[in-house]
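Residue numbers for the sequence shown follow the working numbering, so the first one is 864 and each next one is one higher.
Any given hint could be a false lead.
List time: in silico DSS-like cross-link candidates among lysine-lysine, alpha-carbon distance up to 25 Å [said to hold, decoys possible]:
| no. | residue 1 | residue 2 |
| --- | --- | --- |
| 1 | K935 | K951 |
| 2 | K957 | K894 |
| 3 | K939 | K964 |
Please keep in mind that the hints were generated in silico from the structure rather than gathered at the bench.
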Amino acid sequence: FRELLSVQEVTDMFPTIDIVWYAIHTGLEEKQTNEEGMYVAPIGFPADMISRPSGAFESDSPHEEQFIDVLKSLQKHEDLAVKLSRAKVLELSKRISFLEKNGVKTYGAVVTGPKVEVEKLMSHEKVRKLKVGEARLWNWHS
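Go ahead and model the full structure; you've got the sequences and the hints to work with.
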């Protein structure tokens, strides 16, 4: 996106597009490295947690708050989380502090839908860049 947006803003802007995943701004994305120069992977959460709450996202509290709670839970076992995510570092402490101070904002999303509909997003004033990754036969109604 051209600017950081709340998850709700993105959902409201694209009511006809299936949003799959939100990339969350945690203050480390510009450099993509930590202070030691190690790669810091993007972090985010699936949109399904919002549209069909289950698991960690079942409570009535806002999903952004629940996302931070999940990160705090992961932080207790960060070494294991690093191994499972195949990341070299997650920097959860820094990310949690940033999110608590600045709020949960997204800088991008993964979407699915008919190619023609997805390509229409390029004309949206808030969309900075669009990349069509995988293309398959698509039945939006299945």
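Results for each hint:
Simply put, K935 and K951 have alpha-carbon atoms about 18 Å apart, close enough for the 25 Å limit, and the pair holds. Simply put, K957 and K894 have alpha-carbon atoms about 14 Å apart, close enough for the 25 Å limit, and the pair holds. For a cut-off of 25 Å, the pair hint linking K939 to K964 stands: about 20 Å separates their Cα positions.
The structure fails none of the hints (numbered hints given earlier).
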